[in-house]
Amino acid sequence: MALDKAAVRKIARLARIRVAEEELDGLAVELSNILTFVEQLGEVDTAGVEPMTSVVAMTLPRRADAVTDGNTADKVLVNAPEGTGNFFAVPKVVE
Amino acid sequence: MTTLTDLSMAEARDGLRARKYSAKELAEAHVAAVERIKPLNAFITATPERALAAAAEADRRLARGEERAMEGLPLAIKDLFCTEGVLTTAASHILDGFKPPYESTVTANLWRAGALMLGKANLDEFAMGSSNMTSHYGPVESPWRRKGDNRALVPGGSSGGSAAAVAARAALGATGTDTGGSIRQPAAFCGIVGMKPTYGRCSRWGIVAFASSLDQAGPLTRNVRDAAIMLGAMAGHDPKDSTSVDTPVPDYEMALTGDIRGLRIGIPREYRMDGMNPEIERLWEQGKAWLRDAGAEPVDISLPHTKYALPTYYIVAPAEASSNLARYDGVRYGLRVPGRTLDEMYENTRAAGFGKEVRRRVMIGTYVLSAGYYDAYYNKARQIRTLIARDFDRAFKVCDAILTPTAPSAAFALGEKMDDPIAMYLNDVFTVPASLAGLPAISVPAGLSGDGLPLGLHLIGRAFDEAGVLKIAHVLERAADFRARP
Amino acid sequence: MTTHAPHLIRGESGDWEVVIGLEVHAQVTSQAKLFSGAATAFGAEPNTQVSLVDAAMPGMLPVINGHCIEQAIKTGLGLKAQINRRSVFDRKNYFYADLPAGYQISQYLQPIVGKGEIVLDLPDGRGRTIAITRLHLEMDAGKSLHDQHPSQTYIDLNRAGVALMEIVSEPDLRTAEEAGAYVRKLRSILRYLGTCDGNMEEGSLRCDCNVSVRHPGEKLGTRTETKNVNSVRFVMAAIEHEARRQIGVLESGGTIQQETRLFDPATGTTRPMRSKEHAHDYRYFPDPDLLPLELSEAEIERIRASLPELPDDKKKRFIEGYKLSAQDAGVLVAEQAAANFFEAVAAGRDAKLAANWVINELFGRLNAAGKPIDASPVAAERLGALVDLIQDGTISGRIAKDVFETMFETGRDPAAIVEEKGLRQVSDTGALDAAIAEVLAGNADKVAEFKSGKDKLFGFFVGQVMKKTGGKANPGLVNDMLRKKLSS
Ligand SMILES: [Mg+2]
Ligand SMILES: [Zn+2]
Chain X
187 MALDKAAVRK IARLARIRVA EEELDGLAVE LSNILTFVEQ LGEVDTAGVE PMTSVVAMTL
247 PRRADAVTDG NTADKVLVNA PEGTGNFFAV PKVVE
Chain U
78 MTTLTDLSMA EARDGLRARK YSAKELAEAH VAAVERIKPL NAFITATPER ALAAAAEADR
138 RLARGEERAM EGLPLAIKDL FCTEGVLTTA ASHILDGFKP PYESTVTANL WRAGALMLGK
198 ANLDEFAMGS SNMTSHYGPV ESPWRRKGDN RALVPGGSSG GSAAAVAARA ALGATGTDTG
258 GSIRQPAAFC GIVGMKPTYG RCSRWGIVAF ASSLDQAGPL TRNVRDAAIM LGAMAGHDPK
318 DSTSVDTPVP DYEMALTGDI RGLRIGIPRE YRMDGMNPEI ERLWEQGKAW LRDAGAEPVD
378 ISLPHTKYAL PTYYIVAPAE ASSNLARYDG VRYGLRVPGR TLDEMYENTR AAGFGKEVRR
438 RVMIGTYVLS AGYYDAYYNK ARQIRTLIAR DFDRAFKVCD AILTPTAPSA AFALGEKMDD
498 PIAMYLNDVF TVPASLAGLP AISVPAGLSG DGLPLGLHLI GRAFDEAGVL KIAHVLERAA
558 DFRARP
Chain R
872 MTTHAPHLIR GESGDWEVVI GLEVHAQVTS QAKLFSGAAT AFGAEPNTQV SLVDAAMPGM
932 LPVINGHCIE QAIKTGLGLK AQINRRSVFD RKNYFYADLP AGYQISQYLQ PIVGKGEIVL
992 DLPDGRGRTI AITRLHLEMD AGKSLHDQHP SQTYIDLNRA GVALMEIVSE PDLRTAEEAG
1052 AYVRKLRSIL RYLGTCDGNM EEGSLRCDCN VSVRHPGEKL GTRTETKNVN SVRFVMAAIE
1112 HEARRQIGVL ESGGTIQQET RLFDPATGTT RPMRSKEHAH DYRYFPDPDL LPLELSEAEI
1172 ERIRASLPEL PDDKKKRFIE GYKLSAQDAG VLVAEQAAAN FFEAVAAGRD AKLAANWVIN
1232 ELFGRLNAAG KPIDASPVAA ERLGALVDLI QDGTISGRIA KDVFETMFET GRDPAAIVEE
1292 KGLRQVSDTG ALDAAIAEVL AGNADKVAEF KSGKDKLFGF FVGQVMKKTG GKANPGLVND
1352 MLRKKLSS
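Protein chains in written order, with the numbering used here: chain X, 187 to 281; chain U, 78 to 563; chain R, 872 to 1359.
There's no promise every hint is true.
[What the hints assert, rightly or not] Counterexamples of contact, computed for chain X against chain U with all Cβ distances above 12 Å: (1) Asp211; (2) Asp251; (3) Val253; (4) Gly271.
[As the list claims (entries may be wrong)] Straight-line C-alpha distance at most 25 Å; calculated DSS-like pairs for lysine-lysine: (5) U:Lys365 with U:Lys384; (6) R:Lys1343 with R:Lys1356; (7) X:Lys261 with U:Lys176; (8) R:Lys986 with X:Lys278; (9) R:Lys963 with X:Lys278; (10) X:Lys191 with U:Lys433; (11) X:Lys261 with R:Lys1014; (12) R:Lys1194 with R:Lys1242; (13) R:Lys1356 with R:Lys1272; (14) R:Lys963 with X:Lys196; (15) R:Lys951 with R:Lys1056; (16) R:Lys986 with R:Lys951; (17) R:Lys1187 with R:Lys1223; (18) U:Lys317 with R:Lys963; (19) X:Lys278 with R:Lys1014; (20) R:Lys1339 with R:Lys1356; (21) U:Lys433 with X:Lys196; (22) X:Lys261 with U:Lys433; (23) R:Lys1056 with R:Lys986.
It is worth saying that the hints were derived from the structure and are not from the lab. We treat Cβ as the ideally placed atom computed from N, Cα and C, and that holds for glycine.
Next up, chain X with everything else stripped away, as it sits in the complex (with noise of 0.2 Å):
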């Protein structure tokens, strides 16, 4: 399927992630081709088959209810960039 610059923006934005405008017209371009070369999945017939959810045959690992981690809020907070006393700071968001 080939992209047009209004869906890479679209895709761009739902990634978070800032592409000048002039850039679309390229990145399309170059999704464009990685879709077209995945699309040839389309040729094999799936009608059926389980999608593979785990490539490990064993069933989900459960942990006992008990309280092995936390305050640890140094470990936590001391790569932060940003952030005051005990908290993280994000430019404000209003709700």
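For this one, chain X is given, so just place chains U and R with the ligands on it according to the hints.
Below, chains U and R with the ligands without anything else, positioned relative to chain X:
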């Protein structure tokens, strides 16, 4: 005496135990080698002090006779593994300055086995690439050159720095991660051994995720025995990874018996592709002959969905990556590029922080998961992944392992194929199917191309039969007797 | 299902029907989070109950809390729902500052619990069945604090990763009152099961209200979703306001936007949420870090066997066993602790009398004091002892009220209070004879009036005798004796 950096891991281990040299001497030789190969750009961060401190501890343990499986063996660590207090970048601008307050399970296992870290090896950004040219820290050069041509070559990718460091004798071994061929292809390009174990064999905890259903850690070493030693230390059940399998880790070195008589080696007819490089085809035939000479029985097999593996991979991997990389948002760690609103901050940060290939894959992944396209792309790919896994299940009813080439060509020059992502993706055509099926696979250096570059052969085994794969690889290695050096 | 008369809202263009579906987010009662070992306790210092997994540090992986799975199964069974033998955890992808990974782990196409039901207890004593669409497990997001700084929002991840059950109803509800009854009933069931503490002030139970309006018989109108309403009263107010707003918009020729709204308790109104203005595309897909959840029949049966008696069954038993009215039984079973309290009081006693004392006296007094039943100063045995004193004639019902008041203040044994204050009922006919004779002698005029036909004065004489005995006279005995005296 051979120089210390020429030793294999097994030789170095035995030499340390025999007191032929100290761990300190071994570490110093490698620290110097890391320094010497700086022009290759194989390391993002060198950690010589750390290596030397660990060597001192190794010497103390050796002196007390308390040495562990990998005591004093210096390694390069792909910079996708989080290492406590040491810059971890995934070769991305977006992880600027990130020092994890935690250690990945696999590296922790290695340190527990006595190994020591020389530094963090360069890679393709977020492990997305087959050339190591997508790194924010610049490309890695292979230590190899074509005969009569001094142009720099790629080491392959994404574990390109790891492969280059091991091939250039700056580390006895290195960790890699393999999502679609990222250990095996650079191993083949650099003339070393690279193994991707079964999905679930090595913990993914603490490894920066690319595509979670495919990512597996594995060793890059200079021979099969070293791969067996190192995998034994890396592998094991980890309750912190829900996809880590609780099954015993055998002594892989013990599996190297040299006896493969009666084993059936599958030769998949679909891997013989149109326009296949005759050198690669010849090497493959040679590999078959070597194994037959060793008493194994080559059998023709069919993996009918082979041609769909690459397109399947290029839906599944970017889809997962688009979600895995959503956490790089400028809030809790790494780069932040300011914006007036939260969304602007996100968009600015992610545009500046991700390189071109990462942006491209995140966008493709976002698209194939989006409303209206999910079934046609992502779900279709998951269905074909089931078919590909079934192909292998059927094949393993008639054979014990599968032999293929590792890559469709030898290493290419730095900067080549950069303008055509799909041509680049084709590098992984032989390695991706085993990744999709979660199977263990290894690349063994088996010969040289006409212009003098290494070529690898690739063995795929049954799930959790790393021992079987290593055993056959060991026989192949002996037959190939690959002695070329960069 | 619905012979129930719809409560319509009268508008200019005729009657309007309100169609309501609720999505309740109930915090699973657990020590640790759904996918990490950090604590869930309420009220901790910011970012102290956060693991590296909750903060979505690179390479961190989720491992599920088995107890939370059992809690979800238990809740499903309590809602008489289908438990799915296989369910899948999906990633719901969207960017928000309090969602560290950029996705919420939730369940989309294959939830752990399928269709179930809740029976509402309507004020007229009848039940109304509301269908449950599904229940799924998911992780909570963190908390954004918008009012701490002029240009920044602060993020606290303590809640991030806490286990939630999202319980979705069919759009079967028709009035704000029904919606309120639904939330109360759901909360009651969750508390009985011990799977959610139902504490709405602390956010353990939050409600998203999907509301649309239509003229009866027409197809469904466009709905709005009012998010995170955190009390029963607010749920009712938000629905009431939203229904009237939508009717107003439609009747003035406008159209309803499908949108997410917020309820403002200060004004009792809803408004569109600005931060969610972009159309969402959540790109759900199975989380590759987790495997599908498979449940065995044996596990489900083991949990089924551990279920407590639930409010509906208990109510039925109270009506049939104790011969209580549906109304009284409903009040008593709403909270398990209250029901237990009642049963302790009623044991071996007149159950109706016991119910009357628990509901009218104790609940009334507890409500006034703002105390929950488990903080009652009057223990069940003591209230039972009080009922015994009434039943065996030691004190009258009226005196009992005074004794109860003292019990509520001091927590003391009723018999001791009766003894100490000399409140024992007077059933000594000699003493009563004397008192009656005194009263009749002192009111000769009234006696004459009575005898000439003014029957109403009988009560006056009873009152005077009671007064004379300080209220302690056995009222039945006084009645009998007076009647005999006056007719002689
Ligand atoms: Mg919802
Ligand atoms: Zn939800």
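Hint-by-hint comparison with the structure:
Residue-level check passed: Asp211 of chain X sits 14 Å from the nearest beta carbon of chain U, beyond 12 Å. The Cβ of Asp251 of chain X sits about 14 Å from the closest Cβ of chain U, beyond the 12 Å cut-off, so the non-interface label holds. With a minimum CB-CB distance of about 16 Å to chain U, Val253 of chain X clears the 12 Å threshold, and the non-interface call stands. Interface exclusion of Gly271 of chain X from chain U stands, the closest Cβ pair being 15 Å apart, more than 12 Å.
Distance restraint check for Lys365 of chain U and Lys384 of chain U: the Cα-Cα separation of roughly 22 Å lies within the 25 Å cut-off, and the hinted pair is therefore satisfied. Between Lys1343 of chain R and Lys1356 of chain R the CA atoms are separated by roughly 20 Å; this keeps the pair inside 25 Å, and the hint holds. Proposed proximity of Lys261 of chain X and Lys176 of chain U is supported: the alpha carbons are some 10 Å apart, at most 25 Å. Of the pairs offered as hints, the one joining Lys986 of chain R and Lys278 of chain X is violated, with about 41 Å between alpha carbons and a cut-off of 25 Å exceeded.
Restraint check: the Cα-Cα separation between Lys963 of chain R and Lys278 of chain X comes to about 24 Å, which is no more than 25 Å; the hinted pair holds. Distance hint between Lys191 of chain X and Lys433 of chain U is fulfilled; the C-alpha atoms sit about 18 Å from each other, no more than 25 Å. Simply put, Lys261 of chain X and Lys1014 of chain R have alpha-carbon atoms about 19 Å apart, close enough for the 25 Å limit, and the pair holds. Between the alpha carbons of Lys1194 of chain R and Lys1242 of chain R the distance comes to roughly 28 Å, so the proposed pair goes past 25 Å and is violated.
Distance restraint check for Lys1356 of chain R and Lys1272 of chain R: the Cα-Cα separation of roughly 30 Å exceeds the 25 Å cut-off, and the hinted pair is therefore not satisfied. Taken as a hint, the Lys963 of chain R and Lys196 of chain X pair is honoured in the structure, with Cα atoms around 18 Å apart against an allowance of 25 Å. A distance of roughly 14 Å separates the Cα atoms of Lys951 of chain R and Lys1056 of chain R; the hinted pair therefore holds under the 25 Å criterion. Of the pairs offered as hints, the one joining Lys986 of chain R and Lys951 of chain R holds, with about 8 Å between alpha carbons and a cut-off of 25 Å not exceeded.
Proposed proximity of Lys1187 of chain R and Lys1223 of chain R is supported: the alpha carbons are some 15 Å apart, at most 25 Å. This hinted pair checks out: Lys317 of chain U and Lys963 of chain R have alpha carbons roughly 22 Å apart, not beyond 25 Å. For the hint pairing Lys278 of chain X with Lys1014 of chain R, the CA-to-CA distance comes to about 13 Å; that is within 25 Å, so the pair holds. Between the alpha carbons of Lys1339 of chain R and Lys1356 of chain R the distance comes to roughly 17 Å, so the proposed pair stays at or under 25 Å and holds.
The hinted pair formed by Lys433 of chain U and Lys196 of chain X meets the criterion: a straight-line CA distance of about 18 Å does not exceed 25 Å. Between Lys261 of chain X and Lys433 of chain U the alpha-carbon distance is near 31 Å, which puts this suggested pair outside the 25 Å criterion. At most 25 Å may separate the alpha-carbon atoms for a hinted pair to count; Lys1056 of chain R and Lys986 of chain R meet this at roughly 17 Å.
The structure shown violates the earlier hints numbered 8, 12, 13 and 22.
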